[in-house]
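Whole structure, please, built from the sequences with the hints as guidance.
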Amino acid sequence: MELAINIAMRSHCVKRHVGAVLTKETRIISIGYNGPPAGTHNCDEEWPETGCERDSKGSCSLALHAEQNALMYAVKNNTNVEGSTIYLTLTPCLPCARMLLSAGVKNVIYLSSYAEYKGLPKDEGIDFLEKFGVKTKKFAEEIKVIDQLI
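The sequence shown begins at 0 in numbering that gives the first Met the number 0 and counts up one residue at a time.
In short, the hints are calculated from the structure, not lab data. Predicted, not measured: the structure shown is a model, and the values here were computed from it. From the three backbone atoms N, C-alpha and C, an ideal C-beta is built for every residue, glycine too. Hints should not be assumed to be uniformly reliable.
Between beta-carbon pairs, the in silico distance windows are [said to hold, decoys possible]: (1) K137 <-> S101: 30 to 36 Å; (2) T39 <-> G82: 31 to 37 Å; (3) K134 <-> E1: 33 to 39 Å; (4) N5 <-> A139: 29 to 35 Å; (5) G132 <-> E24: 15 to 21 Å; (6) E141 <-> G38: 36 to 42 Å; (7) N79 <-> K134: 25 to 31 Å.
With a straight-line cut-off of 25 Å between C-alpha atoms, the simulated DMTMM-like cross-links for lysine to aspartate or glutamate are [what the hints assert, rightly or not]: (8) K105 <-> D54; (9) K117 <-> E140; (10) K75 <-> E48; (11) K105 <-> E129; (12) K105 <-> E115; (13) K23 <-> E48; (14) K14 <-> E115; (15) K136 <-> D126; (16) K14 <-> E52; (17) K136 <-> E24; (18) K143 <-> D126; (19) K137 <-> E24; (20) K23 <-> E1; (21) K136 <-> E52; (22) K105 <-> E81; (23) K117 <-> D54; (24) K143 <-> E24; (25) K143 <-> E115; (26) K117 <-> E24; (27) K136 <-> E123; (28) K14 <-> E123; (29) K137 <-> E81; (30) K121 <-> D54.
Right under this line is the structure:
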């Protein structure tokens, strides 16, 4: 989870930084953070005050979500994600939950709630995953911060 937090810091989103680490059999197989598609521009550089335009649901109209980027990076590198575990700094939205299920991710470990962040009554993505047999768990361990490396 600490790696997912560090990866989230790479995000150029003005609103929220989210990180994802995809693992399989104790190995990291892919990473991702929320941001615009490759070849476009970074929101914090183009619109530093407001971020990019919002869609009809109030979400970013340009950025890909962290879990989407992690899945696409894995596919791009011919990595099999069937049976994998994903560590997320924020629970997946419903569309991302559908992608995780379809890709064969079997475990989702998250740090914070998307529903709480968005002011929603429940985490639809988590409910969806659990309904279809994906194990979900809130990360409850202590996060260790390394202030400096020796």
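Verification of the hints:
1. At roughly 23 Å, the beta carbons of K137 and S101 sit outside the given window of 30 to 36 Å.
2. The supplied range of 31 to 37 Å is met by T39 and G82, whose beta-carbon atoms lie about 33 Å from each other.
3. Between K134 and E1 the CB atoms are about 21 Å apart, so this pair departs from the stated range of 33 to 39 Å.
4. Taking the beta carbon of each, N5 and A139 are about 19 Å apart, not inside 29 to 35 Å as hinted.
5. For the pair G132 and E24, the beta carbons lie near 20 Å from each other, so the given range of 15 to 21 Å is met.
6. Separated by about 39 Å at the C-beta atoms, E141 and G38 satisfy the suggested range of 36 to 42 Å.
7. Look at N79 against K134: about 19 Å separates their beta carbons, and that is not inside 25 to 31 Å.
8. Under the criterion of a C-alpha separation no larger than 25 Å, the hint pairing K105 with D54 is inconsistent with the structure, at around 30 Å.
9. Distance check on the hinted pair: K117 and E140 sit about 24 Å apart at the alpha-carbon level, within 25 Å; holds.
10. Between K75 and E48 the CA atoms are separated by roughly 33 Å; this puts the pair beyond 25 Å, and the hint is violated.
11. A threshold of 25 Å between alpha carbons decides the hint, and for K105 with E129 the separation of about 10 Å falls inside it, so the pair holds.
12. A hinted pair counts as satisfied when its Cα atoms are at most 25 Å apart, and K105 with E115 qualifies at roughly 24 Å.
13. For the hint pairing K23 with E48, the CA-to-CA distance comes to about 39 Å; that exceeds 25 Å, so the pair is violated.
14. At roughly 15 Å between alpha-carbon atoms, K14 and E115 fall within 25 Å of each other, so this suggested pair holds.
15. At most 25 Å may separate the alpha-carbon atoms for a hinted pair to count; K136 and D126 meet this at roughly 12 Å.
16. Distance restraint check for K14 and E52: the Cα-Cα separation of roughly 12 Å lies within the 25 Å cut-off, and the hinted pair is therefore satisfied.
17. For the given pair, K136 sits about 18 Å from E24 by alpha-carbon distance, which is consistent with the 25 Å threshold.
18. Between K143 and D126 the alpha-carbon distance is near 29 Å, which puts this suggested pair outside the 25 Å criterion.
19. Distance check on the hinted pair: K137 and E24 sit about 20 Å apart at the alpha-carbon level, within 25 Å; holds.
20. Restraint check: the Cα-Cα separation between K23 and E1 comes to about 17 Å, which is no more than 25 Å; the hinted pair holds.
21. For the suggested pair K136 and E52, the alpha carbons sit about 33 Å apart, so the restraint of at most 25 Å is broken.
22. Restraint check for K105 and E81: satisfied, since their Cα atoms lie roughly 8 Å apart, inside the 25 Å limit.
23. Simply put, K117 and D54 have alpha-carbon atoms about 14 Å apart, close enough for the 25 Å limit, and the pair holds.
24. For the hint pairing K143 with E24, the CA-to-CA distance comes to about 23 Å; that is within 25 Å, so the pair holds.
25. As the CA atoms of K143 and E115 are separated by approximately 24 Å, the hinted pair is consistent with the 25 Å bound.
26. At most 25 Å may separate the alpha-carbon atoms for a hinted pair to count; K117 and E24 exceed this at roughly 33 Å.
27. Among the hinted pairs, K136 with E123 is consistent with the structure: their alpha-carbon atoms are about 14 Å apart, no more than 25 Å.
28. Restraint check for K14 and E123: satisfied, since their Cα atoms lie roughly 21 Å apart, inside the 25 Å limit.
29. Of the supplied pair hints, the one linking K137 and E81 holds, its CA atoms being roughly 21 Å apart against a limit of 25 Å.
30. A C-alpha spacing of about 21 Å is found between K121 and D54, which places the hinted pair at or below 25 Å, so the restraint holds.
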